[in-house]
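Here is what each chain is made of, one letter per residue.
Number of protein chains: 2
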Amino acid sequence: MFEAKVTVRLKKGISDPEGVNTLKALHLLGFETVKNAKTIRTFDLLIDRKNKSDVKKDVEQMCQRLLTNPVIHTYEIEIEEK
Amino acid sequence: MFEAKVTVRLKKGISDPEGVNTLKALHLLGFETVKNAKTIRTFDLLIDRKNKSDVKKDVEQMCQRLLTNPVIHTYEIEIEEK
Numbered sequence: 211m212f213e214a215k216v217t218v219r220l221k222k223g224i225s226d227p228e229g230v231n232t233l234k235a236l237h238l239l240g241f242e243t244v245k246n247a248k249t250i251r252t253f254d255l256l257i258d259r260k261n262k263s264d265v266k267k268d269v270e271q272m273c274q275r276l277l278t279n280p281v282i283h284t285y286e287i288e289i290e291e292k
Numbered sequence: 211m212f213e214a215k216v217t218v219r220l221k222k223g224i225s226d227p228e229g230v231n232t233l234k235a236l237h238l239l240g241f242e243t244v245k246n247a248k249t250i251r252t253f254d255l256l257i258d259r260k261n262k263s264d265v266k267k268d269v270e271q272m273c274q275r276l277l278t279n280p281v282i283h284t285y286e287i288e289i290e291e292k
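Line by line, the protein sequences are chains A and B.
Letter by letter, the first sequence follows residues 211 to 292 of my numbering.
Letter by letter, the second sequence follows residues 211 to 292 of my numbering.
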């Protein structure tokens, strides 16, 4: 069993409305010292395979087909045996 | 300047509809070896303060007032000087 963490970030220059709104709300609450807010999404997957390199290949495919949009996202994959 | 990362997870037993739907979609795409999918949200904040312990206090307050819902979320804070 492997745990794969896929961290999905927006590429530079791509707007992050959730981050913008979080920043506005923090300012409204008086947290003026916050200069920037970004959001990052992580998928934590539990995968039942024997071989770490197969897991890596599968997760790469999952990123390309479902979890990320290559136009706007960058991603990182971390795999750990459980 | 400090970078604060707030990692927000759902508490055990709290349903994660996005995770459930991700798992279903992965199965539909043929990734049957995925046994569980969870989603994690991270806020990446840039904070202009001099003192790390002030940053920590502020970010704790932000978590309690805006970033997390204590009924359903747990959170972790990591702070790094920039």
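Everything labelled a hint here was simulated from the structure, so no lab data went into it.
Some hints here could point you the wrong way.
Note that identical chains are pooled: a pair holds if it fits in a single copy or bridges any two copies.
[Stated by the list, open to error] Each computed DSS-like pair below joins lysine-lysine, with the alpha-carbon atoms no more than 30 Å apart: (1) Lys-215 to Lys-245; (2) Lys-262 to Lys-292; (3) Lys-267 to Lys-234; (4) Lys-222 to Lys-245; (5) Lys-267 to Lys-245; (6) Lys-245 to Lys-292; (7) Lys-234 to Lys-221; (8) Lys-260 to Lys-245; (9) Lys-245 to Lys-234; (10) Lys-262 to Lys-245; (11) Lys-248 to Lys-267.
Here is how each hint holds up against the structure:
no.: 1; hint: Lys-215 to Lys-245; result: both (28 Å within a copy, 14 Å between copies)
no.: 2; hint: Lys-262 to Lys-292; result: within (11 Å within a copy, 35 Å between copies)
no.: 3; hint: Lys-267 to Lys-234; result: between (40 Å within a copy, 19 Å between copies)
no.: 4; hint: Lys-222 to Lys-245; result: within (17 Å within a copy, 33 Å between copies)
no.: 5; hint: Lys-267 to Lys-245; result: between (38 Å within a copy, 17 Å between copies)
no.: 6; hint: Lys-245 to Lys-292; result: between (38 Å within a copy, 13 Å between copies)
no.: 7; hint: Lys-234 to Lys-221; result: both (21 Å within a copy, 27 Å between copies)
no.: 8; hint: Lys-260 to Lys-245; result: between (45 Å within a copy, 14 Å between copies)
no.: 9; hint: Lys-245 to Lys-234; result: within (10 Å within a copy, 38 Å between copies)
no.: 10; hint: Lys-262 to Lys-245; result: between (40 Å within a copy, 16 Å between copies)
no.: 11; hint: Lys-248 to Lys-267; result: both (29 Å within a copy, 20 Å between copies)
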